[in-house]
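Asks: Starting from the known structure of chain X, arrange chain W on it as the hints suggest.
Going line by line, the protein sequences match chains X and W.
First residue of the first sequence? That's 1 in my numbering, and the numbers climb one at a time after it.
First residue of the second sequence? That's 1001 in my numbering, and the numbers climb one at a time after it.
These are computed hints drawn from the structure, not numbers from a lab.
Among these hints, one or two may not hold up.
[Stated by the list, open to error] Quick partial rundown of chain X residues pointing at chain W, CB under 10 Å, derived from the structure:
#1 E1
#2 P2
#3 V4
#4 Y33
#5 Q37
#6 G40
#7 V43
#8 E44
#9 M89
#10 F91
#11 A93
#12 V96
#13 F111
#14 G112
#15 P113
#16 R116
In this text, a Cβ means the ideal position worked out from N, Cα and C, and glycines have one as well.
Next come the chains, spelled out residue by residue.
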Amino acid sequence: EPEVTQTPSHQVTQMGQEVILRCVPISNHLYFYWYRQILGQKVEFLVSFYNNEISEKSEIFDDQFSVERPDGSNFTLKIRSTKLEDSAMYFCASSVLGLTRGGDPYNEQFFGPGTRLTVL
Amino acid sequence: GENVEQHPSTLSVQEGDSAVIKCTYSDSASNYFPWYKQELGKRPQLIIDIRSNVGEKKDQRIAVTLNKTAKHFSLHITETQPEDSAVYFCAAPQNFVFGPGTRLSVLP
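Looking at chain X on its own, in the form it has when it is part of the complex (with noise of 0.2 Å):
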């Protein structure tokens, strides 16, 4: 059963550093979303993206987060000059179909296994 994959498994950085984490989604998704969850914490919404843009996102997805697709596979995040408070465990999703606000047809998302991000 295809996967939502995720590298690296667990990234260590010095504060202020950029660092970019990475997912590959299901092959034939079209609509990609990244969720953080500090330890101990509920899922939180960051972005959705979907024909190459940002379709909706979270206050706390300010200017330091950007997104990307570099190629037909790969869905990235980066953090351009990364705090203590974000250290936490970054999931990906994916779903065939889109996740919109306000009553659209839903379609499963399907979680990666997470990327930790420790700041230190």
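Replies: Below, chain W alone, put in the same frame as chain X:
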């Protein structure tokens, strides 16, 4: 914005007993309601979902019931087993909001 709450936050049951977790949401336009199971250090995995045109859905030992008028839906696990121990999240995914989670412990 959407507000999603879960009760209880922790739940301990004896193996073989039933467990029920309730989720409330605020946006009456929501029409899709999933439950995810997350084991320690792993990804959230969809275990059951329901759409607003039905009131109940069952898959073996797991069921979800929906009360759209009251804006809540519940996860029911029967004949619990130790491997059911995990954190369970409900979500209102059309608003990208997850609930705070319920930690279920099944005691042997």
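Asks: Take the hints in turn and mark each one as holding or not.
Replies: Now for the hints, and whether the structure bears them out:
The restraint placing E1/X at the interface with chain W is violated, with a minimum CB-CB distance near 12 Å, outside the 10 Å limit. The restraint placing P2/X at the interface with chain W is violated, with a minimum CB-CB distance near 14 Å, outside the 10 Å limit. With a least beta-carbon distance of about 8 Å to chain W, the hint placing V4/X at the interface is held under the 10 Å criterion. Interface hint status for Y33/X: upheld, as the beta-carbon distance to the closest one in chain W is roughly 8 Å, under 10 Å.
At its closest, the beta carbon of Q37/X sits 8 Å from a beta carbon of chain W; the interface hint therefore holds under the 10 Å criterion. Annotation: G40/X was flagged as interfacial toward chain W, and the flag holds, the nearest CB pair being 9 Å apart, inside 10 Å. Among the interface hints, the one on V43/X holds; its C-beta lies about 4 Å from the nearest C-beta in chain W, closer than the 10 Å criterion. Given the 10 Å rule on beta carbons, the hint for E44/X holds: about 7 Å separates it from the nearest Cβ of chain W.
Interface hint status for M89/X: upheld, as the beta-carbon distance to the closest one in chain W is roughly 8 Å, under 10 Å. Look at F91/X: its Cβ gets to within about 6 Å of chain W, closer than 10 Å, so that hint holds up. Of the supplied interface hints, the one on A93/X holds, with its beta-carbon coming within about 9 Å of a beta-carbon of chain W, less than 10 Å. For V96/X, the interface hint is violated, since its Cβ never comes within 10 Å of a Cβ in chain W; the closest pair sits about 14 Å apart.
Interface hint at F111/X: satisfied, since its Cβ lies 4 Å from the closest Cβ of chain W, which is below the 10 Å cut-off. Among the interface hints, the one on G112/X holds; its C-beta lies about 6 Å from the nearest C-beta in chain W, closer than the 10 Å criterion. Hint status for P113/X: holds, given a least beta-carbon distance of 5 Å to chain W, under 10 Å. Interface restraint check for R116/X: the shortest CB-CB distance to chain W comes to about 9 Å, inside 10 Å, so the restraint holds.
In the structure shown, a violation is registered for the earlier hints numbered 1, 2, 12, in ascending order.
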